[in-house]
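2 protein chains.
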Amino acid sequence: MSYHFLFELALILLSTKVLGILTKRFALPQVVGALLAGLVMGPAMLNLLQETSLMDQLAELGVIVLMFNAGLETDLAELKKAGRSAFIIALIGVLVPLAGGFFLTAAFNQGQDTLLQNFFIGVVFTATSVSITVETLKEIGKLSTRSGNAILGAAIIDDVLGIVALTIITSLAGTGASLLLVLIKIAAFFAVSVVVWMVLHRVVEWWFRRYDRDKRRFVVISFAFCLLYAYAAEAFFGVADITGAYIAGLIFAKTPRVTYLQDRFDTLSYTLLSPVFFASLGLKVVLPQMSMAIVLFSLLLILWAVASKVIGCGLGARLCGYSGQDSLRIGVGMISRGEVALIVANDGIAAGLMREEFFGPVVLMVIATTILTPILLKLVYKGREKDYSDLQESELVNRYEDAQAFDLASQALLEDHERLRGSETHHP
Amino acid sequence: MSYHFLFELALILLSTKVLGILTKRFALPQVVGALLAGLVMGPAMLNLLQETSLMDQLAELGVIVLMFNAGLETDLAELKKAGRSAFIIALIGVLVPLAGGFFLTAAFNQGQDTLLQNFFIGVVFTATSVSITVETLKEIGKLSTRSGNAILGAAIIDDVLGIVALTIITSLAGTGASLLLVLIKIAAFFAVSVVVWMVLHRVVEWWFRRYDRDKRRFVVISFAFCLLYAYAAEAFFGVADITGAYIAGLIFAKTPRVTYLQDRFDTLSYTLLSPVFFASLGLKVVLPQMSMAIVLFSLLLILWAVASKVIGCGLGARLCGYSGQDSLRIGVGMISRGEVALIVANDGIAAGLMREEFFGPVVLMVIATTILTPILLKLVYKGREKDYSDLQESELVNRYEDAQAFDLASQALLEDHERLRGSETHHP
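Here the protein sequences line up with chains R and U, keeping their order. Counting from 1 along the first sequence, just add 304 to a position and that's the residue number in our numbering. Counting from 1 along the second sequence, just add 304 to a position and that's the residue number in our numbering.
Put simply, identical chains are the same to the list, so a pair is met inside one copy or across any two.
The calculated DSSO-like cross-link candidates involving lysine-lysine, where the alpha carbons are at most 27 Å apart (straight line), are:
| no. | residue 1 | residue 2 |
| --- | --- | --- |
| 1 | 519 | 442 |
| 2 | 442 | 328 |
| 3 | 328 | 682 |
| 4 | 519 | 328 |
No wet-lab data here; the hints were simulated from the structure.
All chains, full assembly: derive it from the sequences and hints.
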């Protein structure tokens, strides 16, 4: 067996981490660095790495684990609590970019049968990645404000709406089946999923409560179920595997072991699968194909990605009675696209829904929106420096901070243990 | 892209886990169950799974992570402390099976150029896996005895001797180079490794102490280094990649973050890579090729695997002044082969050192010795029920129990957190 893949994986891990650390220095998420690593190492620049089938399959596994983890984090009860206004903000904030992406792409996409391709760029446009916004708001002490809460709530619903849009479009890209049949299959998939959820969520909860010796089996069994459901979604319903993974995650969400599961899948993700996924996206970008039209398209894509979320979410917020300033803040907070847009775009290439030369512009759009979001956010939150009148108690914000506090606590435990062992060895 | 590999991975995870749980019921290590899963699912029985290149590469990664973790666990200072008698027990306990395996295979292996093949089965014979012995001794309360300490010490040295034997034999299997050149390359590899260790171990220690915010980068960077060193061992010195991974582990061993690293690589291992590795071993076994000669060979292999360790280690112990009874106990405690023998055997197939029809017998030998060890151990430790006169304080035993106590403590922390979150949600 050739062992060259060890070298390739080492290169991916090193370059994504080093560039990730660099981008973090500039207060940007490490995802941007990981993408850049793929761009730099790949055919677009140094040409040290090419895509292999191992990378493709690890990347696919990586997306599945990312979506499974997103499902684990989703709290269906919170979706209801997020309320009417968060729903309206998210809905209009999905529809405006969807329509906008469609028409913008239509103007540039030549050829026949481009309807689904144009529609697909619209779907890529809908995905919001809220983590960079949350970090920025925390940094400037504005997370617990009325607008901060609205952003968090709308982002949760945005994820679900994005999944639905993705499911419909990738199913349509299938074997040329009629629209009606595809919609029936999607409806059947979601109906089956509701039944599976209702049965299995209780079974899992009962099992997790009853048994508590060897926790590894929870992790392995839930992962096997996730893969099986992702496979079943594709094989029996023609639905994207990542939709299946997300729904599998929902089944294990809010169970007594979910923190443990999240921690373990997070580890599987960051030690191997995510770096390969993000790097492989960068490898897919082919720079020489960037004609003038594509450069222009990229610029317009970035501008329109920013504008459509600000307009859509801002309009939604205004309709729900938020002030003009708060509506602008909410709109700006939803600009960043991040990994969800990339996951969707990657799926689109595999399904033949995205032309290769459009992939570069989409990656640029994701990088640009991610860089712009913190800058713009700080601008729109400027003004009255210490104003606590706007602070709001929120369960969403509390939970977010809770999870981080727990991270610190378990790290402290580990450190304490290492310190003890260290001193034992040095002074026996 | 085909998504069938999701189904295959799910099947591997499910079957290895379910059979692992079953074998654990019978107080056997889960490795046996994972092997059986591969046998049952593979061409030997149900034929539901075949080897794919993804599985091959994931299995190889799995072995590398297992060996890296073994390196992380190795304490070079303990190797010295284990002392002269542990060294003598391990050395004779390696030489007798090595010679025994060689001659036994020579009697069955027809054809030309079989010298290295016969020698290789001898190398597979040398590897001791002590975990099942430790569990059994703990269960019957004999771990902290004089013989228990000797077993633990000798097992540590046995690992290192096994690595050296494996390195030499796989290097010889290379491109038909002269023995002298191969030995020079191996010597060069170990010399370079000593220098790399001396420089990098200090650098790593300094870095780990100085920096303590984002621990993920320790994990990713050390993994990248492990892959790079495994690659370099093969590419520049013709040395097995798993030897490189083991030495990479030594560089990070005994640093302030090693507990954290072990926990993370353990997770990467059990969630994906190990199940694939053990199942893929089972998939490699081809039952129809089992002629009468092979069945006889299997039986003799098992008998001789048991006898050669008892004789070798027992002789070593007797020479070091242990009583006849204790020498027998020490010999029996070293019988179990476990994953190390499988890792070696797997490497041998890849290097063309092992004929395919010999692989089935080796897998059977590993399963048999693992099943026999606890049974025989309980027999030889029978007698005076509550005898504390033999108990000994030992740092090796303390450390082993320490690591387990830590496991429980961190689980308790997680549970507490989950309980808090659970009660928060149910009574908001």
